[in-house]
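*Asks:* Listed below are the residues making up each chain.
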Amino acid sequence: MTDNNQEYIHALYKEGAREMPGSDLDNRILAQAQDKIADSIMPTPLAKPSRWRQWQWPVSVAASIALVSLLFLDNLTEFQPQDFEADRALIPNQDLPTINAPEANEQKVNESLNSITEFTIQSESNIPAGRTVLSDEGDELVVNRSRTKKVASPIGTLSNNKNEVLEAIAEDAYPPEEMEQIVVAGSSVSIRVLDEPYLTALLDEIKQLRLRLESKDLSAQQSRVAKKQLADLNQNIYDELHDFRTSNPRNPIPEKYLAVLNEMRRSELEELHSELSDDNKKQPND
Amino acid sequence: MTTKTDEQLMQLYALGDMAAFTLLYNRHKGGLYRYFIRQVRDKSLAEDLYQDVWNKVIDSAKTYQPSAKFTTWLYTLAHRKMIDQVRHLNVVDRVIVGVDSQDSAEFAVSGEQPVDIEQTRNAEALKSCLTKLPQMQLDTFMLKEEAGLSGNDIALVLGASLEATKSRLRYAYQSLRECISLRTGKVVA
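Line order of the protein sequences matches chains A and B. Note that my numbering gives residue 127 to position 127 of the first sequence, counting from 1, and the numbers run on in steps of one. Heads up, my numbering is the position in the second sequence plus 1000, with the first residue counted as 1.
Next comes chain A alone, as it looks inside the complex:
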């Protein structure tokens, strides 16, 4: 496919692309926009965040520390020996009553608590799906494939504790059966899921096309075009699986999708699986 062909198709498309919405539709939308102005006070999007928002993280951390401290002090009081026990202790070689210490785990300070901050997802954020922003303010995390959920992530530890990030995000964002591999790259996190509805639709189209071809009701020209369309659909399936495999070298691909591919394509995906899996093994976890 040359650039000239693309330019030709582009020019041809522009020649015929003349459809426009009707005036009724235009007016409804413009009226909606006008009503929005009239009905609500629209604060400037560049307004400073509220005072609370600016101090949200430090206050959250301080509150967490205060809570933990209160728990610790509360339990410390329980176990503080009474004066009479202290007196006994001054007598050498005297057995003192033992006090059962609490289970260590129950009293263990949650060390990760200080570094966890929850992000609130704006499900219709204009930040495009697939891109995530994890700033110090920790405003938004947008997940690929239009899935947006509330997640938690350690601040400032993305590059050093990748597995902790993966586990924290996975546990909060997805149930285990839905969680796909999460790729952490610098300060960005994206989650790539297999687009099964799309693949199923492609499989349906392939099935119908094959039935048509087998029925022998097609002319030679129709048959040629149908075969070409079949090849295109296979290509689309391969593209999706290739994309998924690149992001998820360890996750299996359902056999029903692989079954429509030829041997060469299956081998390519298998090789990709091996290469990427080996790469993951070689690289130490951060």
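Hints should not be assumed to be uniformly reliable.
Derived pair list, reagent style DSS-like, types lysine-lysine, alpha-carbon separation capped at 25 Å [claimed, not checked]:
| id | chain 1 | residue 1 | chain 2 | residue 2 |
| --- | --- | --- | --- | --- |
| 1 | B | 1132 | A | 14 |
| 2 | B | 1081 | B | 1127 |
| 3 | B | 1166 | A | 227 |
| 4 | A | 36 | B | 1004 |
| 5 | B | 1043 | B | 1166 |
| 6 | A | 36 | B | 1056 |
| 7 | A | 36 | B | 1127 |
| 8 | A | 228 | B | 1132 |
In short, the hints are calculated from the structure, not lab data.
Start from chain A and add chain B according to the hints.
*Replies:* Coordinates of chain B only, in the frame set by chain A:
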């Protein structure tokens, strides 16, 4: 006002400037409209989806962040709307045999009519061929042609890799070329 960027117009609208929204709407209404009608056979449904997207733009104006390109955002909304709806529809009618092209006469048409008859015939053939494209290729093609997005931005909107996006575009243009050649009986060079 006409020299302002889309992002600036959105910000102005968020401050209550209706003229800014009108200009923004007029800039993008044609492309977005055709994005839907090319992919959704039902005109009424296409218009509903179209209106839904603009409603979302209107409702989100106050939270819009200019750091993200407006067009990418707009078509991300459009793409989500479309796939949510269209995947529930029967896709079998996209099989090529016996499927007629869309009747473009039912849609409002603007602009001057082309004088070149052959060009007109080829343009109509292209419209028909577009209905034969696999859904993802058509979606990718429309984002390229109507939204004017780069490969990277298209990949963002679709949630696909750049390689897959390029592949889909390549196959789309290739398929269209061959389809037009078949329909017109002339090889498209």
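*Asks:* Are the hints correct? Go through all of them and say.
*Replies:* Do the hints match the structure? See the list:
1. B/1132 - A/14: holds, 18 Å
2. B/1081 - B/1127: Holds, at roughly 23 Å.
3. B/1166 - A/227: holds, 22 Å
4. A/36 - B/1004: holds, 22 Å
5. B/1043 - B/1166: Violated - the C-alpha atoms of residue 1166 of chain B and residue 1043 of chain B are around 29 Å apart, more than 25 Å.
6. A/36 - B/1056: holds, 11 Å
7. A/36 - B/1127: violated, 37 Å
8. A/228 - B/1132: holds, 11 Å
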